[in-house]
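At position 122 of the sequence shown the residue is numbered 122 (this note's numbering), and the sequence of numbers has no breaks.
Bear in mind the hints are in silico, worked out from the structure with no lab data behind them.
There could be a bad hint or two in this list.
Said to hold, decoys possible - Below, simulated DSS-like cross-link-like pairs (lysine-lysine); rule was C-alpha separation at most 27 Å, straight line:
1. Lys212 x Lys169
2. Lys202 x Lys234
3. Lys46 x Lys137
4. Lys137 x Lys99
5. Lys56 x Lys45
6. Lys46 x Lys56
7. Lys212 x Lys202
8. Lys99 x Lys169
9. Lys137 x Lys169
10. Lys48 x Lys99
11. Lys99 x Lys282
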Amino acid sequence: MVVDTLIHARWIIPVEPESVTLEHHSLVIDSGRIIDLLPTDLAQKKYKGSSIEILKNHALLPGLINSHTHAAMTLLRGIADDLPLMDWLNNHIWPLEQKWMSEAFVRDGTDLAIAEMIRGGTTCFNDMYFFPDITAKQAVQHGMRASVGLIVFDFPTVWAENSDRYIEKGLALHDELRHQPLITTTFAPHAPYTVSDGPLQKIRTLSDQLDKPIHIHVHETLHEVEQARQQSGKRPLQRLNELGLVNPSLMAVHATQLTDAEIALLAEAGAHIVHCPESNLKLASGFCPVARCIAAGINVALGTDGAASNNDLDLF
1 MVVDTLIHAR WIIPVEPESV TLEHHSLVID SGRIIDLLPT DLAQKKYKGS
51 SIEILKNHAL LPGLINSHTH AAMTLLRGIA DDLPLMDWLN NHIWPLEQKW
101 MSEAFVRDGT DLAIAEMIRG GTTCFNDMYF FPDITAKQAV QHGMRASVGL
151 IVFDFPTVWA ENSDRYIEKG LALHDELRHQ PLITTTFAPH APYTVSDGPL
201 QKIRTLSDQL DKPIHIHVHE TLHEVEQARQ QSGKRPLQRL NELGLVNPSL
251 MAVHATQLTD AEIALLAEAG AHIVHCPESN LKLASGFCPV ARCIAAGINV
301 ALGTDGAASN NDLDLF
């Protein structure tokens, strides 16, 4: 049988099932899909590949998924190093973005990010940034899978002037990308401290209607949690829960400040956590209690965050 591609590898690590390593095995790919996995000697008898890759000293494994990043921020790598999050964000990153953000910025930054991620074994990324239409376009151009965040803030940026306009533009992009096989969309309200109750409630309703995840920074720092308590008497997760956002669609990014009750809440709701260890340590934000979360039954994914707060996009 003639197929598109044969990959003969010294080792193949399929990930599922766990703790399995296959030696001298081959992947058979045809019409963009893996159709067989079998010992190399059998593959050579059964298939003829239009393209053949021989990986004599490599371990082949499924592509990694970077579950939280800001791809275009590769252009801000090394800016304002060694600062805590809110100083870094308010006094350095946001002013620079206000000055330099454009379609060209996102295009070039995303191209660099995609090259870096592919080089490190990442084949899919979950993004949150301005001009998500450009991020999607570049991902398609390079043949990479991406989930682009339909970003929402309360305040104006170069992408939109208010929360209603962010949502309108996001919905238009969602419709435009609906039949794009490499791209999916998520609702991406930036954080509880940058998006008010009204837009969050609207996003929850739209998420339910369209069956789309909600991708949000939450409990990233102790400062965020304490500020929320001072302003509203509620911790951010309590507020999100009261608004109906703590559910199986929630992707809670960072989650470095969690009580036992909040871990139980997330587990019972079927919500997900995206753990970004390098970024959290670099910004002195704290550390997600991953072992406790997994023990409670929460699905925990890995992300790099943006290159400006990491400083790389390498999941290893």
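For the pair we were handed, lysine 202 and lysine 234, check the Cα-Cα distance against 27 Å.
holds, 20 Å
Does the structure keep lysine 212 and lysine 169 at a Cα separation of 27 Å or less?
holds, 16 Å
Verify the proposed pairing of lysine 137 with lysine 99, using a straight-line Cα cut of 27 Å.
Satisfied, since the Cα-Cα distance of roughly 23 Å is no more than 27 Å.
Checking one constraint from the list: CA of lysine 212 to CA of lysine 202, max 27 Å. Satisfied?
Status holds; Cα separation ~13 Å.
For the pair supplied as a hint, lysine 46 and lysine 56, confirm whether the alpha-carbon distance does not exceed 27 Å.
holds, 20 Å
If you draw a straight line from the CA of lysine 137 to the CA of lysine 169, is it 27 Å or shorter?
holds, 16 Å
Under the criterion that the straight-line Cα-Cα distance not exceed 27 Å, is the pair lysine 56, lysine 45 satisfied?
Distance ~19 Å between lysine 56 and lysine 45 Cα, so the pair holds.
Regarding the pair lysine 46 and lysine 137, is the alpha-carbon distance no greater than 27 Å?
Outside the cut-off at roughly 38 Å; violated.
Would the pair lysine 48 and lysine 99 pass a check requiring their Cα atoms to be no farther apart than 27 Å?
violated, 55 Å
Starting from lysine 99, check that the Cα of lysine 169 is at most 27 Å away, please.
Given pair lysine 99, lysine 169 holds - Cα atoms ~22 Å apart, limit 27 Å.
Does the structure keep lysine 99 and lysine 282 at a Cα separation of 27 Å or less?
Roughly 25 Å separates the two Cα atoms, so the pair holds.
The structure fails hints 3 and 10 (numbered hints given earlier, in ascending order).
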